[in-house]
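Student: Sequence:
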Amino acid sequence: MLYRMQAGICRVLAHPRRLHILDLLAGGEKSSQQLERELGISKMNLSQHLALMKHAGLVESRTEGRAALHRLALREIKDACGMIRSVLAARLERGSQLARSLR
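Quick note: the sequence shown uses my numbering, first residue 78, plus one each step.
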């Protein structure tokens, strides 16, 4: 059951645009309009991505007046994304070392 839940979160994270949204929200709460503008996407497209991330428990939303505001649900989400980036950086470094050794 735990692995199934973990896989569900990983499926939600497996989209570049959603990772970009999480990266923007790691800097603090943002309105839908700010996210649409920074990402260059439509309101409908943003809404679909946010719905998936909310369902997975990654993002929380609230309204203030007419504005919808979004934030990371847990600080650990920012940490997890940073860890994945560290793994990617290490892989890229290892690959460039291999490329240099082949020259």
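These are computed hints drawn from the structure, not numbers from a lab.
Model, not experiment: these values are computed from the prediction.
Incorrect hints may appear among the rest.
Unchecked claim - Below are the DSSO-like pairs computed for lysine-lysine, each with C-alpha atoms no more than 27 Å apart in a straight line:
#: 1; residue 1: 131; residue 2: 107
#: 2; residue 1: 107; residue 2: 120
#: 3; residue 1: 155; residue 2: 131
#: 4; residue 1: 155; residue 2: 107
#: 5; residue 1: 131; residue 2: 120
#: 6; residue 1: 155; residue 2: 120
Claimed, not checked - Computed beta-carbon distance windows for the label pairs:
#: 7; residue 1: 82; residue 2: 116; range: 21 to 29 Å
#: 8; residue 1: 157; residue 2: 114; range: 21 to 29 Å
#: 9; residue 1: 132; residue 2: 178; range: 26 to 34 Å
#: 10; residue 1: 103; residue 2: 140; range: 36 to 44 Å
#: 11; residue 1: 148; residue 2: 179; range: 25 to 33 Å
#: 12; residue 1: 114; residue 2: 152; range: 31 to 39 Å
#: 13; residue 1: 167; residue 2: 114; range: 16 to 24 Å
#: 14; residue 1: 111; residue 2: 167; range: 30 to 38 Å
#: 15; residue 1: 141; residue 2: 84; range: 28 to 36 Å
#: 16; residue 1: 84; residue 2: 178; range: 32 to 40 Å
#: 17; residue 1: 144; residue 2: 168; range: 17 to 25 Å
#: 18; residue 1: 139; residue 2: 168; range: 33 to 41 Å
#: 19; residue 1: 104; residue 2: 140; range: 18 to 26 Å
Yeah, the Cβ is synthetic: ideal placement off N, Cα and C, and Gly gets one too.
Student: None of the hints should be skipped; say for each whether it holds.
Tutor: Hint by hint, here is what the structure shows:
Taken as a hint, the residue 131 and residue 107 pair is honoured in the structure, with Cα atoms around 15 Å apart against an allowance of 27 Å. A C-alpha spacing of about 14 Å is found between residue 107 and residue 120, which places the hinted pair at or below 27 Å, so the restraint holds. Of the pairs offered as hints, the one joining residue 155 and residue 131 holds, with about 15 Å between alpha carbons and a cut-off of 27 Å not exceeded. Straight-line distance between C-alpha atoms of residue 155 and residue 107 comes to about 15 Å, which keeps the hinted pair within the 27 Å bound.
At most 27 Å may separate the alpha-carbon atoms for a hinted pair to count; residue 131 and residue 120 meet this at roughly 16 Å. A distance of roughly 24 Å separates the Cα atoms of residue 155 and residue 120; the hinted pair therefore holds under the 27 Å criterion. In this structure the supplied range 21 to 29 Å holds for residue 82 paired with residue 116, their Cβ-Cβ distance being about 27 Å. For the pair residue 157 and residue 114, the beta carbons lie near 26 Å from each other, so the given range of 21 to 29 Å is met.
The supplied range of 26 to 34 Å is broken by residue 132 and residue 178, whose beta-carbon atoms lie about 45 Å from each other. Checked against the hint of 36 to 44 Å, the pair residue 103 and residue 140 fails, with Cβ atoms roughly 22 Å apart. Residue 148 and residue 179 have their C-beta atoms about 46 Å apart, which leaves the hinted 25 to 33 Å range violated. Our hint of 31 to 39 Å for residue 114 and residue 152 is violated, since their Cβ atoms are close to 25 Å apart.
Between residue 167 and residue 114 the Cβ separation comes to about 33 Å, which falls outside the hinted range of 16 to 24 Å. As the Cβ distance of residue 111 to residue 167 is approximately 32 Å, the hint placing it in 30 to 38 Å holds. The beta-carbon spacing between residue 141 and residue 84, approximately 34 Å, falls within the hinted interval of 28 to 36 Å. Distance hint check: the CB atoms of residue 84 and residue 178 are about 36 Å apart, consistent with the given range 32 to 40 Å.
The beta-carbon spacing between residue 144 and residue 168, approximately 39 Å, falls outside the hinted interval of 17 to 25 Å. Separation of residue 139 from residue 168 is about 37 Å and conforms to the stated range, judged on CB atoms against 33 to 41 Å. Between residue 104 and residue 140 the CB atoms are about 21 Å apart, so this pair conforms to the stated range of 18 to 26 Å.
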